[in-house]
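Q: Listed here are the chains, written in short residue letters.
There are 10 protein chains.
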Amino acid sequence: MQNAVILINVEKGRIRGVAERLADLEGISEVYSTCGRYDLIAIARTRDFESLASLVTERLMSVEGIRDTETLNAMQVHSRHDLDAMFSVGL
Amino acid sequence: MQNAVILINVEKGRIRGVAERLADLEGISEVYSTCGRYDLIAIARTRDFESLASLVTERLMSVEGIRDTETLNAMQVHSRHDLDAMFSVGL
Amino acid sequence: MQNAVILINVEKGRIRGVAERLADLEGISEVYSTCGRYDLIAIARTRDFESLASLVTERLMSVEGIRDTETLNAMQVHSRHDLDAMFSVGL
Amino acid sequence: MQNAVILINVEKGRIRGVAERLADLEGISEVYSTCGRYDLIAIARTRDFESLASLVTERLMSVEGIRDTETLNAMQVHSRHDLDAMFSVGL
Amino acid sequence: MQNAVILINVEKGRIRGVAERLADLEGISEVYSTCGRYDLIAIARTRDFESLASLVTERLMSVEGIRDTETLNAMQVHSRHDLDAMFSVGL
Amino acid sequence: MQNAVILINVEKGRIRGVAERLADLEGISEVYSTCGRYDLIAIARTRDFESLASLVTERLMSVEGIRDTETLNAMQVHSRHDLDAMFSVGL
Amino acid sequence: MQNAVILINVEKGRIRGVAERLADLEGISEVYSTCGRYDLIAIARTRDFESLASLVTERLMSVEGIRDTETLNAMQVHSRHDLDAMFSVGL
Amino acid sequence: MQNAVILINVEKGRIRGVAERLADLEGISEVYSTCGRYDLIAIARTRDFESLASLVTERLMSVEGIRDTETLNAMQVHSRHDLDAMFSVGL
Amino acid sequence: MQNAVILINVEKGRIRGVAERLADLEGISEVYSTCGRYDLIAIARTRDFESLASLVTERLMSVEGIRDTETLNAMQVHSRHDLDAMFSVGL
Amino acid sequence: MQNAVILINVEKGRIRGVAERLADLEGISEVYSTCGRYDLIAIARTRDFESLASLVTERLMSVEGIRDTETLNAMQVHSRHDLDAMFSVGL
Chain L
1 MQNAVILINV
11 EKGRIRGVAE
21 RLADLEGISE
31 VYSTCGRYDL
41 IAIARTRDFE
51 SLASLVTERL
61 MSVEGIRDTE
71 TLNAMQVHSR
81 HDLDAMFSVG
91 L
Chain H
1 MQNAVILINV
11 EKGRIRGVAE
21 RLADLEGISE
31 VYSTCGRYDL
41 IAIARTRDFE
51 SLASLVTERL
61 MSVEGIRDTE
71 TLNAMQVHSR
81 HDLDAMFSVG
91 L
Chain S
1 MQNAVILINV
11 EKGRIRGVAE
21 RLADLEGISE
31 VYSTCGRYDL
41 IAIARTRDFE
51 SLASLVTERL
61 MSVEGIRDTE
71 TLNAMQVHSR
81 HDLDAMFSVG
91 L
Chain Z
1 MQNAVILINV
11 EKGRIRGVAE
21 RLADLEGISE
31 VYSTCGRYDL
41 IAIARTRDFE
51 SLASLVTERL
61 MSVEGIRDTE
71 TLNAMQVHSR
81 HDLDAMFSVG
91 L
Chain P
1 MQNAVILINV
11 EKGRIRGVAE
21 RLADLEGISE
31 VYSTCGRYDL
41 IAIARTRDFE
51 SLASLVTERL
61 MSVEGIRDTE
71 TLNAMQVHSR
81 HDLDAMFSVG
91 L
Chain C
1 MQNAVILINV
11 EKGRIRGVAE
21 RLADLEGISE
31 VYSTCGRYDL
41 IAIARTRDFE
51 SLASLVTERL
61 MSVEGIRDTE
71 TLNAMQVHSR
81 HDLDAMFSVG
91 L
Chain U
1 MQNAVILINV
11 EKGRIRGVAE
21 RLADLEGISE
31 VYSTCGRYDL
41 IAIARTRDFE
51 SLASLVTERL
61 MSVEGIRDTE
71 TLNAMQVHSR
81 HDLDAMFSVG
91 L
Chain E
1 MQNAVILINV
11 EKGRIRGVAE
21 RLADLEGISE
31 VYSTCGRYDL
41 IAIARTRDFE
51 SLASLVTERL
61 MSVEGIRDTE
71 TLNAMQVHSR
81 HDLDAMFSVG
91 L
Chain F
1 MQNAVILINV
11 EKGRIRGVAE
21 RLADLEGISE
31 VYSTCGRYDL
41 IAIARTRDFE
51 SLASLVTERL
61 MSVEGIRDTE
71 TLNAMQVHSR
81 HDLDAMFSVG
91 L
Chain W
1 MQNAVILINV
11 EKGRIRGVAE
21 RLADLEGISE
31 VYSTCGRYDL
41 IAIARTRDFE
51 SLASLVTERL
61 MSVEGIRDTE
71 TLNAMQVHSR
81 HDLDAMFSVG
91 L
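Chains as they are written, first to last, in this note's numbering: chain L, 1 to 91; chain H, 1 to 91; chain S, 1 to 91; chain Z, 1 to 91; chain P, 1 to 91; chain C, 1 to 91; chain U, 1 to 91; chain E, 1 to 91; chain F, 1 to 91; chain W, 1 to 91.
If you're looking for bench data, these hints aren't it; they were derived computationally from the structure.
Think of the CB as a built atom: it goes at the ideal place given N, C-alpha and C, for glycine as much as any other residue.
Any given hint might turn out to be false.
What the hints assert, rightly or not - Using 27 Å as the maximum straight-line C-alpha spacing, the simulated DSSO-like pairs for lysine-lysine come out as follows: (1) S/12 <-> P/12; (2) W/12 <-> F/12; (3) W/12 <-> C/12; (4) E/12 <-> P/12; (5) H/12 <-> F/12; (6) Z/12 <-> C/12; (7) Z/12 <-> H/12; (8) U/12 <-> E/12; (9) L/12 <-> U/12; (10) S/12 <-> L/12.
What the hints assert, rightly or not - Anything over 12 Å on all C-beta distances counts as not near chain S; from chain Z, calculated: (11) 12; (12) 29; (13) 50; (14) 54; (15) 58; (16) 59; (17) 65.
Extracted from the complex, chain L is given alone in its bound form (with noise of 0.2 Å):
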């Protein structure tokens, strides 16, 4: 599983609708309103590099209202959840 954690700043007052757009894509397992310097934060969980890839390049710029979006490739990840499994069943 390949994971990335998506930065974005959304249009004035679209903060509601852009998560709920985004939490329905594939590949994005959660999205957090966040207080301080970012609008919402994305957690991306997709089969491999190359999904991951044609998520962040198309598909979530196909979401209304997002102005601004920095994705942050986790290069490796360390949990003492099986992580793997638990996503999965969403995928």
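Position chains H, S, Z, P, C, U, E, F and W relative to chain L; hints supplied.
A: Okay, now just chains H, S, Z, P, C, U, E, F and W, sitting in the frame of chain L:
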């Protein structure tokens, strides 16, 4: 469950060590070593707000080699997964 | 009580108007027009975390003339005053 | 009453200690440990401008563990609360 | 006397016009067109804090061509000159 | 007369001491301790450009406790006051 | 051979299209869509300095959808590969 | 002779045109299209301070396609060349 | 093949030494000393994602004199060259 | 002739000394102590690209008191002066 995304930079050459120590902390479910402007991104999932506060203002800082952290509390979570159930095992 | 500090920049020439509108919102206890890098700083004091989230991600943004906001949730409060009692009147 | 919002970053691992020391200072009514780009945000409420100046340029800096502060004076306050009356007790 | 330093950027090609308009405002004693990161720096010297607040949050913004301002209130003044006497003529 | 605005940050806890030392320097007419992103703002008013250069590149730096300075030369001055006459006394 | 690294941000939703157009330009050997603060990073490898200058100041800008570029000329190249030989085929 | 370095960013695709127009302005001796964070860097060499001020606050801005400028006045010049003599021809 | 662009700043006076050491690392195909905001830019071309992760989070940091790195993984590569074939020799 | 603009910040109190040392270096034609965000700006004019690279990556850094440099290579020069002829004397 209270979630937060924690952006972390570490001292030179200590990425892997800090990541492993953080992943062992109660309340931290995953630690990603990421590309881009942050060295590590940790996801905190705690029982309530008080646990998150104590994790972030005290226990996190006991890990050697951390240079800088910025905690971004989740105000809302959007997900097709039942994150509460999935992560309760490890809490 | 859940507190947050909200850093706000407004459209040119609208400082006073936005400040007055914000101060009328339920959950905002005070709005300061400040010197320095932010135009306004609002203090949110809400019953619980959910009210804060709805204030910040929805109601706040209905005020015309706001250009940019950044919400900084309080994780802990240190005060010799009983803020809960003092502000409960206006909540 | 003269109000100011003070944005504070502290040395690693000293958030709670500095917060408690600041909250004890005359003229500081509340100290929040916040998420996001500042470690602590203190609210100063002083009798007049001179007290604020002495608090910020001298007494504040006697607290060990502070790394950086930025004071944002309130030029105007908008509130449905009578902040002067409420906080005069503790001044 | 209440002093403040106001950092100003203007719309392209309007430095001189904005500077002249600002210098005519009651409460602004001098306007410098400066090298470096700001286009203009104005010095405000007003009778009291209220006059400064109204100058900065309202009258200043009526000048066409201003893009951005940041007001830095003086908390203390150190000078071998009697600035109060010198500038009272023009207040 | 050549004017410049000098933006200054000082070492922790030294705001007042540095301000007093600077105000004593020939060529510095006023020093403000300000709110916001700079600790001190000094106004230099020197006979000519050479005096300003020597003040800024040499004498200023002899004051202990200064951490960082940025000098913004005035290219033009707009004022209803006769600043040359007013400040010539102290030059 | 003259090398340069070109950091590029594009208009929303145009990452792939711009990348393909850039990769077709004579003098651009590779275009990476990257994670982090830039959308695309292109490597320019031109015969000489003049070709690089014309590529960067003119031809590059004819590609629709580019928002911002920053060119970082290579002053020296360190490699165990014979880059001149390898890329001469495609120049 | 009064020197200044002017850092310039231009509208997309207009680097060469703006450079040529600037190089024709009286008082501008050279315009470099540079790599890195600025598009163009111009060197101003004027008879005196007043000419520099009028060049920078008025004539420079008449060139179409400039987006942003920042002028850095030279306070002192160190050179083994007699710049005054060399450039007087073209002034 | 997995590509990444690594932005690097080094300790003062160590540009050439660090560049040579980096160019010797397995997985680094080229190191450019560049103009502008970064001292060095290295191109990593590794067999797979795991090799990239171990290069970036461990081996890179063993080189003395590096101050700061930021790794930008390539998610997609666009090139008329067969980079896989060209660089496989040196992998 | 290869030109570059070098933006330089120096250690506190060393502006003049560093400027004089830099102006003595072969390949540096002028050093300006400037107002604003950089302490010194040097103009490099070297025979060719290799000389510039060795000046910037090695000889420049031998000057004591430099804290930070950023070199901006000129890709094109626009001037009504024959800079090659004028500066060849001193090269």
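Q: A separate judgement is required for each hint: does it hold in the structure or not?
A: Outcome of the hint check:
1. Restraint check for residue 12 of chain S and residue 12 of chain P: satisfied, since their Cα atoms lie roughly 16 Å apart, inside the 27 Å limit.
2. Between residue 12 of chain W and residue 12 of chain F the alpha-carbon distance is near 16 Å, which keeps this suggested pair within the 27 Å criterion.
3. Simply put, residue 12 of chain W and residue 12 of chain C have alpha-carbon atoms about 16 Å apart, close enough for the 27 Å limit, and the pair holds.
4. As the CA atoms of residue 12 of chain E and residue 12 of chain P are separated by approximately 16 Å, the hinted pair is consistent with the 27 Å bound.
5. Among the hinted pairs, residue 12 of chain H with residue 12 of chain F is consistent with the structure: their alpha-carbon atoms are about 16 Å apart, no more than 27 Å.
6. Under the criterion of a C-alpha separation no larger than 27 Å, the hint pairing residue 12 of chain Z with residue 12 of chain C is consistent with the structure, at around 16 Å.
7. Taken as a hint, the residue 12 of chain Z and residue 12 of chain H pair is honoured in the structure, with Cα atoms around 16 Å apart against an allowance of 27 Å.
8. About 16 Å separates the Cα atoms of residue 12 of chain U and residue 12 of chain E, which keeps this hinted pair within 27 Å; it holds.
9. Taken as a hint, the residue 12 of chain L and residue 12 of chain U pair is honoured in the structure, with Cα atoms around 16 Å apart against an allowance of 27 Å.
10. Proximity of residue 12 of chain S to residue 12 of chain L is assessed by CA-CA distance (about 16 Å); at most 27 Å being required, the pair is judged to hold.
11. With a least CB separation of 17 Å from chain S, residue 12 of chain Z remains clear of the 12 Å interface cut-off, as annotated.
12. For residue 29 of chain Z, the condition that its CB be more than 12 Å from all CB atoms of chain S is violated, with the nearest at approximately 6 Å.
13. Under the 12 Å C-beta cut-off, the non-interface status given to residue 50 of chain Z relative to chain S holds; the minimum distance is some 17 Å.
14. Distance check on residue 54 of chain Z: its Cβ is at least 18 Å (rounded) from any Cβ of chain S, clearing the 12 Å threshold; non-interface status holds.
15. Under the 12 Å C-beta cut-off, the non-interface status given to residue 58 of chain Z relative to chain S holds; the minimum distance is some 19 Å.
16. Taking the minimum C-beta to C-beta distance to chain S, about 16 Å, the non-interface status of residue 59 of chain Z holds against the 12 Å cut.
17. Against the 12 Å criterion, residue 65 of chain Z stays outside the reach of chain S, whose nearest CB is about 14 Å from its own CB.
Checked against the numbered hints listed earlier, the structure breaks hint 12 alone; every other hint is satisfied.
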